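Protein sequence lines, in the order shown, are assigned to chains A and B.
My numbering puts the first residue of the first sequence at 486, with every later residue one more than the last.
My numbering puts the first residue of the second sequence at 23, with every later residue one more than the last.
For the record, the hints were derived by calculation from the structure and aren't laboratory data.
Honestly, I wouldn't trust all of these hints.
Pulled from the structure, derived: some chain A residues nowhere near chain B, Cβ distances all over 10 Å [as the list claims (entries may be wrong)]: (1) E492; (2) G535; (3) P598.
Facing chain A, according to a computed beta carbon distance under 8 Å, are these residues of chain B, among others [unchecked claim]: (4) L34; (5) M97; (6) V100; (7) L105; (8) G107; (9) A131.
Keep in mind that this is a model prediction, so the values were computed, not measured.
In this text, a Cβ means the ideal position worked out from N, Cα and C, and glycines have one as well.
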Amino acid sequence: MKLTPEEYDGLSKQASPKSKLLQDCLWAFGVGGAICLLGEILRQSYLAKGFTLTDASTMASVTLIVISAVTTSLGWYQRLAAKAGAGTLVPITGFANSVVSPAIEFKSEGYVPGVGAKMFLIAGPVIVYGLAASAVWGVIYCFIRTL
Amino acid sequence: MGFVWAFVIGGLICVVGQLLIDLTSFTPARVLVTFVVSGVVLSALGWYQPLVNLAGAGASVPLIGFGHLLAQGVMDAVESMGLLGALTGGFTAAAAGITASLVCGVIAAVSSHSHDQN
Numbered sequence: 486m487k488l489t490p491e492e493y494d495g496l497s498k499q500a501s502p503k504s505k506l507l508q509d510c511l512w513a514f515g516v517g518g519a520i521c522l523l524g525e526i527l528r529q530s531y532l533a534k535g536f537t538l539t540d541a542s543t544m545a546s547v548t549l550i551v552i553s554a555v556t557t558s559l560g561w562y563q564r565l566a567a568k569a570g571a572g573t574l575v576p577i578t579g580f581a582n583s584v585v586s587p588a589i590e591f592k593s594e595g596y597v598p599g600v601g602a603k604m605f606l607i608a609g610p611v612i613v614y615g616l617a618a619s620a621v622w623g624v625i626y627c628f629i630r631t632l
Numbered sequence: 023m024g025f026v027w028a029f030v031i032g033g034l035i036c037v038v039g040q041l042l043i044d045l046t047s048f049t050p051a052r053v054l055v056t057f058v059v060s061g062v063v064l065s066a067l068g069w070y071q072p073l074v075n076l077a078g079a080g081a082s083v084p085l086i087g088f089g090h091l092l093a094q095g096v097m098d099a100v101e102s103m104g105l106l107g108a109l110t111g112g113f114t115a116a117a118a119g120i121t122a123s124l125v126c127g128v129i130a131a132v133s134s135h136s137h138d139q140n
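For reference, chain A alone in the conformation it holds in the complex (with noise of 0.2 Å):
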């Protein structure tokens, strides 16, 4: 019998429907906290390298999406997030997952139609909305000062 994910997990869900949640929780807050963590110790030691605030913050992220791609390059990052959940989605290691993953996945495709669109199938929604957010709050802002 073959099953999509997606059936898969309505059938997993049926099956053990409240320990799942919980354990699904902890998993998640244990991982992305963990991811946090080494974000902060990264931060910390850029800052203690002498980086400003908002350098040594854009520092962390930039070598957590590098730690991320490497190991999404090596498979391992799936195999955490099979487990880990929303812990390994949400921080931005999730982020540089959902691009590098199907960047790799689609390449049989193609550079252009695999490769550079499939990057964004994640990415894509967050920098469309995200942007589309901010440039509502930049227009309200710029009212707000002018009052």
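Position chain B relative to chain A; hints supplied.
Leaving out everything else, chain B in the frame of chain A:
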């Protein structure tokens, strides 16, 4: 103490995402979009900066922090160039993260082959 807060706040934000997935069957893309837009709104209301001050990367690493970055970037740009800043501020602030992700994607595609997802 900062490290403890980073772990706890970061972990709790991920639990919110997990609850959205498990209880409302949100897709991963929808969770991320919701988080980024929420980040812009929370930051605009001035509610997110205190959390960043407390938890550092615990608040800035989750995607809500990405929204916060967009909102702060837009405010800085509006301060310096007026209304035009509403269009440039977000992308400027997010440039490093987005470009790093895309470049990593291209490098990974060139240098590795597809893994069996199952």
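Hint check against the structure, violated hint numbers in rising order = none
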